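**Q** If you're matching them up, the sequences are chains A and B in order.
Okay, so the first sequence: first residue is 2 according to the numbering used here, each after it adds one.
Okay, so the second sequence: first residue is 370 according to the numbering used here, each after it adds one.
These are calculated hints, taken from the structure and not from any lab test.
Take these hints with a grain of salt, some might be off.
Stated by the list, open to error - Cut-off 30 Å, straight-line C-alpha distance, at most; resulting in silico cross-link-like pairs (DSBU-like, lysine-lysine):
{"#": "1", "chain 1": "A", "residue 1": "Lys98", "chain 2": "B", "residue 2": "Lys449"}
{"#": "2", "chain 1": "A", "residue 1": "Lys117", "chain 2": "B", "residue 2": "Lys449"}
{"#": "3", "chain 1": "A", "residue 1": "Lys93", "chain 2": "B", "residue 2": "Lys474"}
Claimed, not checked - Okay, the calculated beta carbon distance ranges per label pair:
{"#": "4", "chain 1": "A", "residue 1": "Phe86", "chain 2": "B", "residue 2": "Asp479", "range": "29 to 37 Å"}
{"#": "5", "chain 1": "B", "residue 1": "Arg530", "chain 2": "A", "residue 2": "Leu42", "range": "32 to 40 Å"}
{"#": "6", "chain 1": "B", "residue 1": "Leu422", "chain 2": "A", "residue 2": "Ser32", "range": "49 to 57 Å"}
{"#": "7", "chain 1": "A", "residue 1": "Leu102", "chain 2": "B", "residue 2": "Phe596", "range": "39 to 47 Å"}
{"#": "8", "chain 1": "A", "residue 1": "Ser68", "chain 2": "B", "residue 2": "Gln539", "range": "42 to 50 Å"}
{"#": "9", "chain 1": "B", "residue 1": "Gln539", "chain 2": "A", "residue 2": "Gly79", "range": "26 to 34 Å"}
{"#": "10", "chain 1": "A", "residue 1": "Gln8", "chain 2": "B", "residue 2": "Asp537", "range": "50 to 58 Å"}
{"#": "11", "chain 1": "B", "residue 1": "Leu584", "chain 2": "A", "residue 2": "Val10", "range": "40 to 48 Å"}
{"#": "12", "chain 1": "A", "residue 1": "Ser68", "chain 2": "B", "residue 2": "Glu554", "range": "48 to 56 Å"}
{"#": "13", "chain 1": "A", "residue 1": "Ile14", "chain 2": "B", "residue 2": "Ile500", "range": "54 to 62 Å"}
{"#": "14", "chain 1": "A", "residue 1": "Glu110", "chain 2": "B", "residue 2": "Leu595", "range": "33 to 41 Å"}
Predicted model only: the values in this text are computed from it and were never measured.
The beta-carbon is built from N, C-alpha and C at its ideal position, and this holds for glycine as well.
Here is what each chain is made of, one letter per residue.
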Amino acid sequence: MEIRAFQIVVPLISLLFIISFVNRYRKSKTSLKEAMLSSLLWLGIGIFAIIPDLISNFIASAFGIKSNINAIIFLSLGVLLYMQFRMFSILKEQEAKLTQLTRQIALREVESQDTK
Amino acid sequence: MIPLSDIHVILPAYNEASKIQEVIRSIREQGIQHIIVVNDGSKDNTAERAQQLDVLVVNHLINRGAGAAVQTAIELARRKNWQWIALMDADGQHEAADLIRLKEKMEQSDCDIVIGSRFMQRNRQIPITRIFFNFIANCMTNLFCRENFSDSQSGLRLLNRRAIDAIDLQIDGFGFCSEMLIRAEQVKLQIEETPIRVYYTDYSIRKGQDFQVGLNTAFNFLWNALFK
């Protein structure tokens, strides 16, 4: 089997990211859930880089898609859409926190006026 | 009987410096003295203009939307133990005398929330675009409600203590109008509508919802309904 450069570089980068997530978790800089999900994502990318044809052909046959390249494109679109959804959810959560903060400051100001 | 002295009128305001004093004076002419302006991060001198007339001004440091301003008002009412609050637009489109209609409707029906409906009024002069936007908004709101509301987006409302205690809003923008009705129904509050007059001027049309804001409102409302 011919080994191409990306099959070495990408798994190495993935490994670096996984080590970094484990370290961040050990230093309590991230939650267990976040560390595990991120590590799993990078583990998947690393494994995919090592055996891309086997995995893409498996995905293509599992979903009934003719070509393995199309399967990868559809899968990538799905992942991107999910990530977009997650980012929008996080944005909404941050906006809600900002509103909460703004409201509480306003109400505290009124209460402090009352006590004067 | 609901004494006028026990009604607190809330004016959520964003950049309403040119109108706010006129609106406050018109409410006082009805014999209502408790007026609260929730200044939602205005960039003009809305707060100063309101304070000149000696009303309570609650200041949001940054603009968070009409729904956020109403949430602040409701929270304030809980903390101060106010028995009735009326919500009214600060752009002058509402007739202050209609606050009395809302009060009378609540007295007659013993309901928890009265909505001032622009579309129950005969001889109404509402721009066609507003009728269209409100029709869409009503359809969307009524989809999630048991009752059919003729004006789910009206900014003129009267809430009693039960409603003040029971309603928790989440939407920061204009979508709060629909959300309030849905949540009120969920906690079994009784809602009534009564006709009100409304005055559309170039100013109030410019200030109100346009297509872009309407889309945003609809999207936020659906997002909230589906994912919260």
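**Q** What are the numbers of the hints the structure violates, in ascending order?
**A** 3, 4, 5, 7
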